[in-house]
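Protein chains in written order, with my numbering: chain Z, 34 to 147; chain E, 245 to 358.
What the hints contain is simulated information worked out from the structure, not anything from laboratory work. For every residue, glycine included, the Cβ atom is placed at its ideal position computed from N, Cα and C. Be aware that a few hints might be false.
[Claimed, not checked] Short derived list, chain E residues pointing at chain Z, Cβ under 7 Å:
id	residue
1	T270
2	N271
3	D275
4	Y276
5	Y283
6	G287
7	F290
8	G304
9	F333
10	G343
11	F348
12	G349
13	A350
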Amino acid sequence: GAGVSQSPRYKVAKRGQDVALRCDPISGHVSLFWYQQALGQGPEFLTYFQNEAQLDKSGLPSDRFFAERPEGSVSTLKIQRTQQEDSAVYLCASTKRVSSYEQYFGPGTRLTVT
Amino acid sequence: DQQVKQNSPSLSVQEGRISILNCDYTNSMFDYFLWYKKYPAEGPTFLISISSIKDKNEDGRFTVFLNKSAKHLSLHIVPSQPGDSAVYFCAASATMEYGNKLVFGAGTILRVKS
């Protein structure tokens with residue numbers, strides 16, 4: 034069965050470039066989360082979607098970060114004018130129901146800003 | 245302000261012995277706790293969870309204990325196997341109206357020696 038997939042797996046960007054990271058959640062999963070994991074740390078919440086609605090974006094670190102899920106399935110996290118501090122692994126997770134706690138994670142996208 | 249803390253960055257255990265991983269939290273609103281396991285270059289994988297109305301949950305070799313008064317939980321792995329070597333993350337959630345986002349600790353690297 035297909036799990037959560039993310040692409041690209043690795044991305045190198047020069048400072049100032051824009052990047053787009055894609056997440057394909059498990060089919061039929063209502064909830065989708067984005068997390069940022071810095072080196073040596075645990076994942077930190079960025080934003081949450083229930084179907085196509087972005088209900089919580091309290092974790093986005095700046096207005097350079099933007100996420101969307103226009104049809105309630107695939108989601109894209111966009112980072113504009115990347116900075117070195119944006120270097121991290123970006124993880125996507127999904128759950129079947131809004132009330133679920135156990136989240137299924139993708140493999141992540143490792144972003145390196147040079 | 246770290247709401248979930250894993251104070252041991254690493255733990256080394258002999259194969260067949262018990263592994264005990266610890267986690268402390270500060271937010272009294274947390275009512276559900278999870279342990280995730282992570283291998284290099286993969287996303288976190290759900291291992292076991294516990295609701296705040298319980299003090300113990302067991303699944304095969306894995307047992308999670310919750311001490312609400314001390315705001316402490318622990319994961320016991322018995323017997324430990326070399327394949328258990330990974331990074332273990334403790335996570336907590338406060339039930340939300342929508343999307344139960346997870347707050348993670350920094351992780352503990354477990355090495356099981358054969």
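Hint check:
Evaluation of the E/T270 hint against chain Z yields a violated restraint, the C-beta minimum of about 15 Å exceeding 7 Å. Annotation: interface hint on E/N271 violated; nearest CB of chain Z at approximately 13 Å, more than 7 Å. Violation of the interface hint for E/D275 is found here, the shortest Cβ-Cβ separation to chain Z being roughly 10 Å, above the 7 Å cut-off. Using the Cβ-Cβ criterion of 7 Å, the hint placing E/Y276 at the interface with chain Z is satisfied: the shortest such distance is roughly 5 Å.
With a cut of 7 Å, the hint placing E/Y283 at the interface with chain Z is violated, because the nearest CB-to-CB distance is about 10 Å. The criterion of a C-beta within 7 Å of any C-beta in chain Z is met by E/G287, whose closest approach is roughly 3 Å, and the hint holds. A least Cβ separation of about 5 Å between E/F290 and chain Z falls short of the 7 Å threshold, and the interface hint therefore holds. Taking 7 Å as the C-beta contact cut-off toward chain Z, the hint placing E/G304 at the interface is violated, the least distance being around 16 Å.
Using the Cβ-Cβ criterion of 7 Å, the hint placing E/F333 at the interface with chain Z is satisfied: the shortest such distance is roughly 5 Å. Taking 7 Å as the C-beta contact cut-off toward chain Z, the hint placing E/G343 at the interface holds, the least distance being around 4 Å. With 7 Å as the threshold, the beta carbon of E/F348 comes within range of chain Z, its nearest partner Cβ sitting at about 3 Å, so the hint holds. Because the closest C-beta pair between E/G349 and chain Z is about 5 Å apart, less than 7 Å, the hint holds.
With a least beta-carbon distance of about 5 Å to chain Z, the hint placing E/A350 at the interface is held under the 7 Å criterion.
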